[in-house]
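All chains should be built: construct the whole structure from the sequences, respecting the hints.
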Amino acid sequence: METVAVIDFETTGLSPALGDRATEIAAVLVQDGQIVDRYESLMNAGVYVSPFIESLTGISNAMVRRAPPAAQVMEAVADFVGDHPLVAHNASFDCRFWDAELQRIDRRRSRAFACSMRLARRLLPRAPSHKLGALAEYADLPATGRHHRALADAELSAHLLLHIEAVIRRRFRIREVSHALLCEIQCAPQRGLDRCVKNLRGGAET
DNA sequence: TGCCAGGCCCTCTTTAGGGCCTT
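When we follow the numbering used here, the leftmost residue of the first sequence carries the number 2, and every step to the right adds one.
What you were told as hints is all true, and nothing was included just to trick you.
Below, in silico cross-link-like pairs of lysine to any residue (SDA-like), each with a Cα-Cα straight-line distance of 25 Å or less:
(1) K132 - R122
(2) K199 - A167
(3) K199 - D33
Pairwise CB distance ranges (calculated):
(4) L19 - R66: 19 to 29 Å
(5) D107 - G193: 39 to 49 Å
(6) I106 - Q191: 36 to 46 Å
(7) S51 - Q104: 19 to 29 Å
(8) S179 - D100: 17 to 27 Å
(9) P190 - R147: 32 to 42 Å
Hints are computed from structural coordinates only; laboratory data are not their basis.
All C-beta atoms in this analysis are idealised placements derived from N, C-alpha and C, irrespective of residue type, glycine included.
Below you can see the structure in the form of structure tokens.
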């Protein structure tokens, strides 16, 4: 598959529309079945980190105050990601913050997000939960560090993506799993998924 | 004062409601 960028945000809350801001971003590049590069940074958006969020993420107000400005970090991570297609776990969340933080520096997203959670719901329906941590345990993914820190979660999402790609190759007898195919599968109906993927591939098998 | 998201997905649905998932 072409190189993809798996990203993860830590934030002050759930909605940029309500004033929540990013406190940390990580992006890892996945190429030829492995992580080949990493970017990680705390960022200072001048916002208050609540005790709940500090307890959840381990990111304190002092850590954010010492971090580089959010605009500087977003410029750097946007350059790092470049034009690679994007992946995130529950991508609707990260996509909202990605777009909102980019808009603040007058930049725009150029590629679509694929969502490892939506893919897991279709391809790993027997998992007891589709939370990132639960899927890591279910699929026996390698440990990557403290849950709810950006780099650890981005790397874990990358390992989950590689696991999902292996499931797709095995189940649908596909040699190369493109980002475009991931986007098609995540939008396909759960029932009739096999028929849908076969139609996408024109019925050709490797 | 109290409350505040948003998209997906399933079902006891479709003129709706509630759980899941992200921080």
